[in-house]
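Number of protein chains: 2
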Amino acid sequence: MATTPNPDRRNERARRAILDAALELCSTQTYAGLTMEGIAKSAGVGKQTIYRWWPSKAAILLEAITERADQSLDFPDTGDLLADLRGQMYELVRLFTDPMFGAYGRGLIVAAQTDPAISAALLDTLIRPRVQLCIERLAKAQQAGEIRADVDLAVVVELLYAPLYYRMLLHTAPVSSEQVDSVISLVMSGIRP
Amino acid sequence: MATTPNPDRRNERARRAILDAALELCSTQTYAGLTMEGIAKSAGVGKQTIYRWWPSKAAILLEAITERADQSLDFPDTGDLLADLRGQMYELVRLFTDPMFGAYGRGLIVAAQTDPAISAALLDTLIRPRVQLCIERLAKAQQAGEIRADVDLAVVVELLYAPLYYRMLLHTAPVSSEQVDSVISLVMSGIRP
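Going down the list, the protein sequences come from chains D and V. Using the working numbering, the first residue of the first sequence is number 1, and each one after it goes up by one. Using the working numbering, the first residue of the second sequence is number 1, and each one after it goes up by one.
These aren't lab readings, by the way, just hints derived from the structure by calculation. Note that the coordinates shown come from a computational prediction; the quantities given were computed from them, not determined experimentally. The reader is advised that the hints may include incorrect statements.
Which copy is meant is left open, so a pair is good if it fits within one copy or across any two.
Unchecked claim - Subject to a maximum C-alpha distance of 25 angstroms in a straight line, what follows is the list of computed SDA-like cross-link-like pairs (lysine to any residue):
#: 1; residue 1: K41; residue 2: Y31
#: 2; residue 1: K140; residue 2: A173
#: 3; residue 1: K140; residue 2: T172
#: 4; residue 1: K140; residue 2: S189
#: 5; residue 1: K140; residue 2: P129
#: 6; residue 1: K41; residue 2: A14
#: 7; residue 1: K47; residue 2: L153
#: 8; residue 1: K41; residue 2: I135
#: 9; residue 1: K47; residue 2: S176
#: 10; residue 1: K41; residue 2: Y51
#: 11; residue 1: K140; residue 2: S185
#: 12; residue 1: K140; residue 2: M188
#: 13; residue 1: K41; residue 2: R130
#: 14; residue 1: K41; residue 2: R13
#: 15; residue 1: K47; residue 2: Q29
#: 16; residue 1: K140; residue 2: R86
#: 17; residue 1: K140; residue 2: S182
#: 18; residue 1: K41; residue 2: T66
#: 19; residue 1: K41; residue 2: L95
Kindly generate the complete structure, drawing on both the sequences and the hints.
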């Protein structure tokens with residue numbers, strides 16, 4: 001019995017290999033150049049194996065990027081709201097300005113414009129869970145009296161993060177930690193009691 | 001002599017026909033489906049005529065949309081900053097939520113991600129002139145003491161407009177006049193003296 005391969009473990013190995021292969025290919029391939037065939041070949045699995053778990057390269061990338069991002073984009077709660085926001089947003093700036101993550105983030109947002117399934121996956125996998133974490137951190141600050149009680153925290157999250165996406169997608173200016181500082185400073189002036 | 005066609009007038013007629021044809025085709029064609037050939041045919045001119053003036057369909061669309069937008073997105077100065085911001089941003093919401101303008105705006109932003117010439121044209125033709133108009137209106141308010149002297153007006157413009165682009169491109173929620181009201185209200189709390 002001990003020599004029978006455990007299908008769960010085998011599946012997890014294949015899943016890991018596919019996600020790792022997708023991320024590795026990101027350093028050498030453009031978003032447009034990345035294919036399911038390429039990922040399968042690089043992971044040493046059949047294309048069918050990939051399609052059993054993911055409908056598109058966008059879905060694989062979303063899962064791979066989310067896993068990687070999870071480790072760095074968690075919302076800290078040190079008790080110091082300003083420091084927590086700044087730290088988390090600096091980390092996002094690092095991702096947005098990383099040539100590989102930046103290009104693939106843009107590639108996914110582009111794909112989401114014409115493919116509702118990718119748009120839904122982008123929202124459910126990457127955006128909404130992080131918006132929720134930020135709202136929870138802001139809600140603690142609001143309960144502690146650091147933010148006015150009448151402030152709609154969902155609007156605050158948009159005001160904080162939208163300017164980073166705006167610069168990343170419209171290229172009006174580089175996304176930067178200086179931008180984060182100016183944005184946090186203005187937003188905080190508007191929401192303090 | 002009076003019967004010799006005036007080349008300037010002929011050129012202006014052809015230019016007008018091309019821009020009108022491009023905008024008209026937008027109602028029946030997707031951004032991807034729109035071609036230089038289609039625009040030329042619909043405008044009744046040769047493809048060479050189009051290529052003499054514009055390098056790409058994106059360039060034609062930018063000029064056509066900018067002309068159309070110019071009439072509706074001017075920055076008013078009624079002396080009431082809130083009303084002026086609200087009026088201008090409601091007009092932008094109307095464009096973003098118009099099925100045709102919305103789709104083509106997204107199409108141009110998508111094209112800008114992989115084509116630096118389109119990105120530069122988008123910035124120079126559409127974005128920067130309007131950012132400048134907004135900064136000028138805010139600067140008057142700042143001189144009149146309605147905005148704190150230390151506030152960086154370029155950051156204010158990003159805070160005001162980025163949330164509309166964020167919703168349009170990430171589809172987190174519909175772009176709406178209610179969003180404009182919440183954004184203006186929070187941003188104003190942060191910049192008032």
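Now the hints, each set against the structure:
1. K41 x Y31: within (17 angstroms within a copy, 34 angstroms between copies)
2. K140 x A173: So K140 and A173 pass the 25 angstroms test across copies only (24 angstroms; inside, 33 angstroms).
3. K140 x T172: between (34 angstroms within a copy, 23 angstroms between copies)
4. K140 x S189: both (18 angstroms within a copy, 21 angstroms between copies)
5. K140 x P129: within (17 angstroms within a copy, 41 angstroms between copies)
6. K41 x A14: within (12 angstroms within a copy, 52 angstroms between copies)
7. K47 x L153: neither (44 angstroms within a copy, 52 angstroms between copies)
8. K41 x I135: neither (41 angstroms within a copy, 52 angstroms between copies)
9. K47 x S176: neither (39 angstroms within a copy, 43 angstroms between copies)
10. K41 x Y51: Within one copy only: 13 angstroms inside, 42 angstroms across.
11. K140 x S185: This pair counts as both: shortest intra-copy Cα distance 19 angstroms, inter-copy 22 angstroms.
12. K140 x M188: This pair counts as both: shortest intra-copy Cα distance 15 angstroms, inter-copy 24 angstroms.
13. K41 x R130: Classified as neither; 32 angstroms inside a copy, 48 angstroms across copies.
14. K41 x R13: Answer is within; shortest intra-copy Cα gap is 15 angstroms, inter-copy 56 angstroms.
15. K47 x Q29: within (18 angstroms within a copy, 34 angstroms between copies)
16. K140 x R86: For K140 and R86, only the intra-copy Cα distance (16 angstroms) is at most 25 angstroms; the inter-copy one is 31 angstroms.
17. K140 x S182: Close inside one copy (23 angstroms) and across copies (21 angstroms); limit 25 angstroms.
18. K41 x T66: within (22 angstroms within a copy, 46 angstroms between copies)
19. K41 x L95: neither (27 angstroms within a copy, 45 angstroms between copies)
Hint violations for this structure: numbers 7, 8, 9, 13 and 19, all remaining hints satisfied.
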